[in-house]
Amino acid sequence: MVKNSLGRLIPAQFNGQDLIPYRDPFSLRPQGNVAPRPLRRVNAGERKLLGSIREAIEAAGLRDGMTIATHHHLRNGDVLLGLVVRELDALGLRDIRIASSSVHPVHAEIIPFIEKGVITALECGVNGPIGELASRGELDCPIIVRTHGGRARAIISGQVTVDLAFIAAPCCDEYGNMNGFFGPSACGSLGYAHTDAEHARCVVAVTDNLVPYPASPISIPQTLIDYVVTIDSLGDPRKIVSTTTRVTSDPVGLLIAKYASQVIDASGLLRDGFSFQTGSGGISLAVADHVRRMMREQKVKGSFGCGGITGYFVDMLEEGLFQSLFDVQCFDLKAVESMGRNRAHMEISADMYANPFNAGAVVNRLDTVILGATEVDVNFNVNVNTESNGYLLHNTGGHSDTAAGAKLAIIVAPSIRGRLPIVKDAVTTITTPGETVDVVVTERGIAVNPKHQELRNELLRRKLPVKEIDQLQQEIYQITGRPRPLEFTDKVVALIEYRDGSIIDVVHQVKD
Amino acid sequence: MTEFRLRRTLLYVPGNMPSMLQNIPMFDCDGVIIDLEDAVPYSEKDAARVLVRRFLEGWRERNKEIIVRINPLDTKWALPDLQEVLRALPDGIRLPKADSPEIVERLDTLLTEFEEELGLEIGRFKILPSIESAAGVINSVKIARCSSRIIALAFGAEDYTASLEIERTKTGEELFHARTRVIWAAKAAGIQAIDSIFADVSDMEGLRRETELIKTLGYNGKSLVNPRQIDVVHEVFAPKQAEVDYALQVVDAIQRARAMGTGVISLNGKMVDAPVVKRAVRVLKTAKAHGLIDMELDEEVIYGEK
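Line by line, the protein sequences are chains A and B.
Residues in the first sequence are numbered consecutively from 1, following this note's numbering.
Residues in the second sequence are numbered consecutively from 1, following this note's numbering.
One chain only, chain B, in its complex shape:
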């Protein structure tokens, strides 16, 4: 089983803004994407990566996943970005313009070299590839499987629509196929899928609608451009009370089943087996992250001893 980690909300924070970096610990997003790419003007690339390294080094009690978006590998900034920030031990790298598996493999190799140099466990640094062009969408199936470092595919609708020479709309019909393909690619590879940003910070209803859509499609979360968007996305991803109640019944039933030495049991006339339990556990873990329930889930009781 892959590690369960909530990635409902990955908040972009510009790497060249000290006042914003210092607020990162306060917001309750699941992760941050500290940006060295688009948010940082050319003249500030050097300063920003030093600032980011210092910020990360000084932040001792980390309470969320830290991903750094470096500049694309075909720019002169990518390597210095890695050299500077990896020393401060972010959790992963968001790779822009991950249009092909080869690009991601190149980053994988670079990360391995840095891990060796820094004396770190190989595979420590994760990769979050940005699928943000027509080529990226087409290649997403291979990209999702090209490195064991990949935790999720991140769909980037702004660059994607630009690559198609079309406008991005609020309703997002133009994104539908790409979104679905990225989901298939990710889920088939057993990793998560993160949806694109929603740029209109003042339109909370629009954000809510889009989040409901991508949750229905199977996305695990969204990239965000403003902390104000966190609560809305968390609300959408919060399990409903009825879902939680049912999941609790399922877990209770399967525990009784395990005690009886079986892996299947009937609950309210319906069969409870592994996929049902798996979904229930996922609901409960999410519910716990939302503070809706306060319980420890004993995996051995639920899934049986290995």
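The following block holds chain A by itself, in its conformation from the complex:
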């Protein structure tokens, strides 16, 4: 065990791999080259279309101990991962790792196969029950939580080798050209799948909408796809959009959004060329609403909107407030529909979006990002992975990537959830280091990272409720009291990998 620079104890090894303790957000340099993959040859007349997922697994030569991947663009409506895992079991395969881009609550269906030894490790973060069971020590399956950019880096660098990638392809031809824009399971961008298509040792496109050759437009080309399989349905389209896509009506959330937008206004970044990312939560959308109004009033012509894209950003694009959108993932069907017809609404890979080890990701060009938190601490460190009960319940997403890249990373969170304080002495789990977090906005006040004295003074000049973060924390503790610390065992159930591959924190099993 060694302490990383944030004081978190990191084991030397996890699931057989050596670990690098986190030091700082920017200085770790990559070594070596992009990981190699086999060359292949497909001659004229050879067919890629196979009869079933089982045939594809056999054709790929998947063996015990290997790694598979899927993408999570179908979110909580995805059926593919479950189908694949059941086939792995039926074929008697064991000790398989999952390196999908994310795992959702719907994938609780694979829990029995983890218990059975079919799946023995998750090279990806998890949302929902799997993380909870692991946290309670009821599921023995080491988990490595990665950021979106970090996952792309891990695959491209060869830290993770995906032996067989299944790509759910909402619109696909028999030679493997695909896009996500059309069909009954349309999900829009296939941003997370690009890395898999380019780097997995074998790539299988799975579709419920086989179109005559060639599929158009082409997001992922035939040159990367080994096999094509058709199934009845890729997922439940109603659950593809599983996040909140409405502006909050909660007065506290609205107040937070108002403060956050005032911080953006005060930052001086809201000028021609402005670039912006926000999530799909109710507060984030309320901030977007304010930003939209300010851009109109101040006649700002923005450069790009980025990230998971909602209909809100589509409206802003169509209104001419942004020149273009970079879309790694569509958050609602309006975004899906827009991608299919508007060339300014561009699909980007997770690599281009956020990988720290390439020649420059889109997050580096971001002016402002609005991010959430389950907890924040007095050093501005942010937790989005674990909840106040200590359970690993959420994946990191692009949180640490955008915080590191953007000029102004604003965390929006209510100061109290239920009866628990959100600003604490120390977060349960560090997802994103405080060094990359610029402002924390709660309804009780705005805390500015001490490295931004100018911004702080400007906010004070504008009579906004600026507070030191420990003052804010004390105020909240006065209401909630000091929560009793959680108790954990020594067992590490998950790693929180920073975007550069170093380990920023670990998640321990919760003591009963």
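Please note that the accuracy of each hint is not assured.
Said to hold, decoys possible - Below, computed lysine-lysine pairings styled on DSS-like, alpha-carbon distance capped at 25 Å:
hint, chain 1, residue 1, chain 2, residue 2
1, B, K64, B, K285
2, A, K511, A, K491
3, B, K240, A, K463
4, A, K258, B, K288
5, B, K187, A, K463
6, A, K299, B, K240
7, B, K240, B, K278
8, A, K463, B, K285
9, A, K467, B, K215
10, B, K285, B, K215
11, B, K288, A, K467
12, A, K258, B, K278
13, B, K288, A, K463
14, B, K64, A, K258
I should point out that these hints are in silico values taken from the structure, not numbers from a laboratory.
Nothing here was measured: the structure is a model prediction, and the numbers come from that model.
Dock chain B against the given chain A, drawing on the hints supplied.
Below, chain B alone, put in the same frame as chain A:
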């Protein structure tokens, strides 16, 4: 001159909801009306008044006017309400069903007794009578003048329409006469007038229209049921830039006049005298509260030394 106090937005907060009470300091309404009456079910009357007292006692840096709506004086809860919450020093009491001056006078007497008992200055606790019945509207002229504690008349359209056995509409034609009478009563007595709530929280345009109407009639503000309504009402009450610019010119002109030893001066060919100055000062104070200007107004320079 009566003290200038903005009462554009008086936000109702249920007295039995800890999660809502604790958010009071965060919202930038001019005042809150913590409710022990309609929002609180019978079974929670006791608990609510204790909760409200504790909340007020713990809230040290008060940043808005605090008014508590007690239960009507003819109920068994009114006196215990006063006994509990006055100790925590709210600014005033909103008196429901203030249908006659006698009812308000009774509260005045009770408040005096509590002030004596608590060793407070007599007249510390203010009264905001709710004019919310046909009788209340008819008696509003006398009510407005029956106690020096009264800071404003609050018109209550929901109960008023109920007392008339009519529906309340969004356009509010049925309220017009009552609203005007309450305004006359208040302004004649030199106090403010607060309009009724607007119940449809999702209809911001409707709220805006109604607020524009009542501002035109002369109301100083509204009672609100949701914090989301605050910004709309403040926007309507915010002075327009042209008004602010003109008011600044007026104040500048009158200061020059005072320096010359007179109280009247011409500005752009129009006479500037006391009523014009008074209106200008009111605009500037409102503008300052809205953060539109940042200046100290020296009353002596403006009105002359007493």
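How the hints compare with the structure:
no., hint, verdict
1, B/K64 x B/K285, "holds, 16 Å"
2, A/K511 x A/K491, "holds, 10 Å"
3, B/K240 x A/K463, "holds, 21 Å"
4, A/K258 x B/K288, "holds, 20 Å"
5, B/K187 x A/K463, "violated, 33 Å"
6, A/K299 x B/K240, "holds, 21 Å"
7, B/K240 x B/K278, "holds, 17 Å"
8, A/K463 x B/K285, "holds, 17 Å"
9, A/K467 x B/K215, "violated, 36 Å"
10, B/K285 x B/K215, "holds, 16 Å"
11, B/K288 x A/K467, "holds, 23 Å"
12, A/K258 x B/K278, "violated, 34 Å"
13, B/K288 x A/K463, "holds, 12 Å"
14, B/K64 x A/K258, "holds, 20 Å"
The structure does not agree with the numbered hints 5, 9, 12 stated previously, though it agrees with the rest.
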